[in-house]
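Number of protein chains: 2
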Amino acid sequence: MEKTRENYLAWVRDAHAMEEQAVTMMTGMIGRLENYPTLRERLQQHVAETEQQADALKSILEGHETENSMLKDTIGMAMAKGQALSGLFVSDEIIKGLMASYTFEHMEIAAYRVLIKTAQKLGETEAERVFVKSLAQEQAMADFLADQLEPTTGAFIAREEADLTAKR
Amino acid sequence: MEKTRENYLAWVRDAHAMEEQAVTMMTGMIGRLENYPTLRERLQQHVAETEQQADALKSILEGHETENSMLKDTIGMAMAKGQALSGLFVSDEIIKGLMASYTFEHMEIAAYRVLIKTAQKLGETEAERVFVKSLAQEQAMADFLADQLEPTTGAFIAREEADLTAKR
Chain A
1 MEKTRENYLA WVRDAHAMEE QAVTMMTGMI GRLENYPTLR ERLQQHVAET EQQADALKSI
61 LEGHETENSM LKDTIGMAMA KGQALSGLFV SDEIIKGLMA SYTFEHMEIA AYRVLIKTAQ
121 KLGETEAERV FVKSLAQEQA MADFLADQLE PTTGAFIARE EADLTAKR
Chain B
1 MEKTRENYLA WVRDAHAMEE QAVTMMTGMI GRLENYPTLR ERLQQHVAET EQQADALKSI
61 LEGHETENSM LKDTIGMAMA KGQALSGLFV SDEIIKGLMA SYTFEHMEIA AYRVLIKTAQ
121 KLGETEAERV FVKSLAQEQA MADFLADQLE PTTGAFIARE EADLTAKR
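Same order as they appear, the protein sequences are chains A and B. Here our numbering is used: the first residue of the first sequence is 1, the next is one more, and so on. Here our numbering is used: the first residue of the second sequence is 1, the next is one more, and so on.
In case anyone wonders, no lab produced these hints; they're calculated from the structure. Built from N, CA and C at the ideal position, the CB exists for glycine as well. One should not assume that every hint holds.
To be verified - Pairs of lysine to any residue, SDA-like flavour, derived with a Cα cap of 20 Å:
#1 A:Lys-3 x B:Ala-158
#2 B:Lys-121 x A:Lys-133
#3 B:Lys-117 x A:Glu-161
#4 A:Lys-3 x B:Arg-159
#5 B:Lys-117 x A:Val-23
#6 A:Lys-117 x B:Lys-133
#7 A:Lys-117 x B:Asp-143
#8 A:Lys-121 x B:Leu-164
#9 A:Lys-121 x B:Ala-56
#10 A:Lys-121 x B:Lys-117
#11 A:Lys-121 x B:Asp-163
#12 A:Lys-121 x B:Lys-3
#13 B:Lys-117 x A:Glu-160
#14 B:Lys-117 x A:Ala-158
#15 A:Lys-3 x B:Asp-147
#16 B:Lys-121 x A:Val-23
#17 B:Lys-121 x A:Glu-161
#18 B:Lys-121 x A:Pro-151
#19 A:Lys-121 x B:Asp-143
#20 B:Lys-117 x B:Ala-56
#21 B:Lys-3 x A:Pro-151
#22 A:Lys-121 x B:Lys-167
#23 B:Lys-167 x A:Ala-10
#24 B:Lys-121 x A:Gly-154
#25 A:Lys-121 x B:Pro-151
#26 B:Lys-3 x A:Lys-133
#27 B:Lys-3 x A:Glu-161
#28 B:Lys-133 x A:Ala-146
#29 A:Lys-117 x B:Gly-154
#30 A:Lys-133 x A:Val-23
#31 A:Lys-117 x B:Ala-56
#32 B:Lys-121 x A:Ala-162
#33 A:Lys-121 x B:Lys-133
#34 A:Lys-3 x B:Phe-144
#35 A:Lys-133 x A:Gln-148
Unchecked claim - Each pair of labels, with its calculated beta carbon distance range:
#36 B:Thr-125 x A:Ser-59: 45 to 55 Å
#37 A:Lys-3 x B:Ala-10: 40 to 50 Å
#38 B:Asn-35 x A:Asp-55: 34 to 44 Å
#39 B:Gln-120 x A:Gly-63: 47 to 57 Å
#40 B:Met-1 x A:Glu-6: 51 to 61 Å
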């Protein structure tokens, strides 16, 4: 299972980069949000969870004593950068931010499901336990964001039509 | 509802760009896939659906006689490009491609849910009907891809360990 172990460690590294980018993206969004307190509060809570997830991934990597290789430029990074940039310009920032967060959560869900399956094949039971916990947190966050799509769109439209700041 | 109508048209344009990028991404993936026939077949079916979705969005735009403005560089484009590029290099292409497709489907789901809510507010009932149909197709594709995550990871690992081409 040498090749699988190699892939596994690469995927754990990718997941770590992804979680760090998630923190960057969410922190940027929280800093700009003004009029959507429910979303802001839940994002703050999830940043704390995400930092713990990133730490857990780092511990797993350190446990395998891999060299500190440069992290790949994942799709997640492109997304996080895109979102960070777009926040500066777009008039529908909250909608784009919500869509990007919802999308990003599903990348994280996919990553943990791949990691769980691989950890099972390798008998990495302790790591599997960590991934299962993180997956549950990502799923809960994805469900929350899913529930926000329609009400936030409605609130955005109502604020716009009332000439209130809608984008943040 | 003038501002809302403006946002609405911008979002329909974004969705059109997103669907075109989805076609690019899936076509690239289909062209490279060799050993995962179930996934390949379902992707081919979804490319046909996606082309119809893009056409439907174009018709809606044309119905509003908007000028042919340059489409925004959405996060979707960055993802599609990232995925198209990554396919040339990565040894775990099928896993990354599956994760990216699953993620992309959720961006599309979010986009259609925002569009449905907005079309309802604007009384655009015919467009709403189109979006509801596309949303159902995206959800079905997302469910299919979700079900593929563990078996494809398992198949990838098995092929790698048997020294068979695993990445495509």
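Against the structure, the hints:
For the hint linking Lys-3 of chain A to Ala-158 of chain B, the alpha-carbon distance of about 10 Å falls within 20 Å, and the restraint holds. At most 20 Å may separate the alpha-carbon atoms for a hinted pair to count; Lys-121 of chain B and Lys-133 of chain A exceed this at roughly 39 Å. Straight-line distance between C-alpha atoms of Lys-117 of chain B and Glu-161 of chain A comes to about 15 Å, which keeps the hinted pair within the 20 Å bound. Note on Lys-3 of chain A and Arg-159 of chain B: the hinted pairing holds, with a Cα-Cα distance of about 10 Å set against a maximum of 20 Å.
Proposed proximity of Lys-117 of chain B and Val-23 of chain A is contradicted: the alpha carbons are some 29 Å apart, above 20 Å. About 33 Å separates the Cα atoms of Lys-117 of chain A and Lys-133 of chain B, which puts this hinted pair outside 20 Å; it is violated. Among the hinted pairs, Lys-117 of chain A with Asp-143 of chain B is consistent with the structure: their alpha-carbon atoms are about 18 Å apart, no more than 20 Å. Proposed proximity of Lys-121 of chain A and Leu-164 of chain B is supported: the alpha carbons are some 18 Å apart, at most 20 Å.
For a cut-off of 20 Å, the pair hint linking Lys-121 of chain A to Ala-56 of chain B is broken: about 44 Å separates their Cα positions. For the given pair, Lys-121 of chain A sits about 43 Å from Lys-117 of chain B by alpha-carbon distance, which is inconsistent with the 20 Å threshold. Straight-line distance between C-alpha atoms of Lys-121 of chain A and Asp-163 of chain B comes to about 17 Å, which keeps the hinted pair within the 20 Å bound. Distance check on the hinted pair: Lys-121 of chain A and Lys-3 of chain B sit about 54 Å apart at the alpha-carbon level, beyond 20 Å; violated.
Note on Lys-117 of chain B and Glu-160 of chain A: the hinted pairing holds, with a Cα-Cα distance of about 15 Å set against a maximum of 20 Å. Only pairs whose Cα atoms come within 20 Å are accepted, and Lys-117 of chain B paired with Ala-158 of chain A is accepted, the gap being roughly 12 Å. Proposed proximity of Lys-3 of chain A and Asp-147 of chain B is contradicted: the alpha carbons are some 24 Å apart, above 20 Å. Between Lys-121 of chain B and Val-23 of chain A, the direct Cα distance comes to roughly 34 Å. Violation of the 20 Å bound is thereby established for this hinted pair.
A C-alpha spacing of about 11 Å is found between Lys-121 of chain B and Glu-161 of chain A, which places the hinted pair at or below 20 Å, so the restraint holds. Distance restraint check for Lys-121 of chain B and Pro-151 of chain A: the Cα-Cα separation of roughly 12 Å lies within the 20 Å cut-off, and the hinted pair is therefore satisfied. For the hint pairing Lys-121 of chain A with Asp-143 of chain B, the CA-to-CA distance comes to about 24 Å; that exceeds 20 Å, so the pair is violated. Distance restraint check for Lys-117 of chain B and Ala-56 of chain B: the Cα-Cα separation of roughly 18 Å lies within the 20 Å cut-off, and the hinted pair is therefore satisfied.
For the suggested pair Lys-3 of chain B and Pro-151 of chain A, the alpha carbons sit about 18 Å apart, so the restraint of at most 20 Å is met. Restraint check for Lys-121 of chain A and Lys-167 of chain B: the C-alpha separation of about 18 Å stays at or below 20 Å, so the hint holds. Only pairs whose Cα atoms come within 20 Å are accepted, and Lys-167 of chain B paired with Ala-10 of chain A is accepted, the gap being roughly 15 Å. This hinted pair checks out: Lys-121 of chain B and Gly-154 of chain A have alpha carbons roughly 8 Å apart, not beyond 20 Å.
A distance of roughly 12 Å separates the Cα atoms of Lys-121 of chain A and Pro-151 of chain B; the hinted pair therefore holds under the 20 Å criterion. The straight-line distance between the Cα atoms of Lys-3 of chain B and Lys-133 of chain A is roughly 43 Å, outside the 20 Å bound, and the hint therefore fails. For the given pair, Lys-3 of chain B sits about 7 Å from Glu-161 of chain A by alpha-carbon distance, which is consistent with the 20 Å threshold. Using a Cα cut-off of 20 Å, the hinted pair Lys-133 of chain B and Ala-146 of chain A holds, with the two alpha carbons roughly 18 Å apart.
With a CA separation close to 7 Å, the supplied pair Lys-117 of chain A and Gly-154 of chain B stays within the 20 Å bound. About 18 Å separates the Cα atoms of Lys-133 of chain A and Val-23 of chain A, which keeps this hinted pair within 20 Å; it holds. At roughly 39 Å between alpha-carbon atoms, Lys-117 of chain A and Ala-56 of chain B are farther apart than 20 Å, so this suggested pair is violated. Taking the CA atoms of Lys-121 of chain B and Ala-162 of chain A, the gap is near 14 Å; set against the 20 Å cutoff, the hint holds.
Among the hinted pairs, Lys-121 of chain A with Lys-133 of chain B is inconsistent with the structure: their alpha-carbon atoms are about 39 Å apart, more than 20 Å. Distance hint between Lys-3 of chain A and Phe-144 of chain B is unfulfilled; the C-alpha atoms sit about 27 Å from each other, more than 20 Å. Our distance criterion of 20 Å between C-alpha atoms is broken by Lys-133 of chain A and Gln-148 of chain A, whose separation comes to about 23 Å. Between Thr-125 of chain B and Ser-59 of chain A the beta carbon distance is about 54 Å. The supplied range of 45 to 55 Å therefore holds.
Against the hinted window of 40 to 50 Å, the Cβ-Cβ separation of Lys-3 of chain A and Ala-10 of chain B comes to about 47 Å, which satisfies the hint. Checked against the hint of 34 to 44 Å, the C-beta distance between Asn-35 of chain B and Asp-55 of chain A comes to roughly 37 Å, which is consistent with it. The hinted window of 47 to 57 Å between Gln-120 of chain B and Gly-63 of chain A holds, with their beta carbons roughly 51 Å apart. For the hinted restraint 51 to 61 Å between Met-1 of chain B and Glu-6 of chain A, the CB-CB distance of approximately 56 Å keeps it satisfied.
Hint compliance for this structure: hints 2, 5, 6, 9, 10, 12, 15, 16, 19, 26, 31, 33, 34, 35 are not met, and every other hint is.
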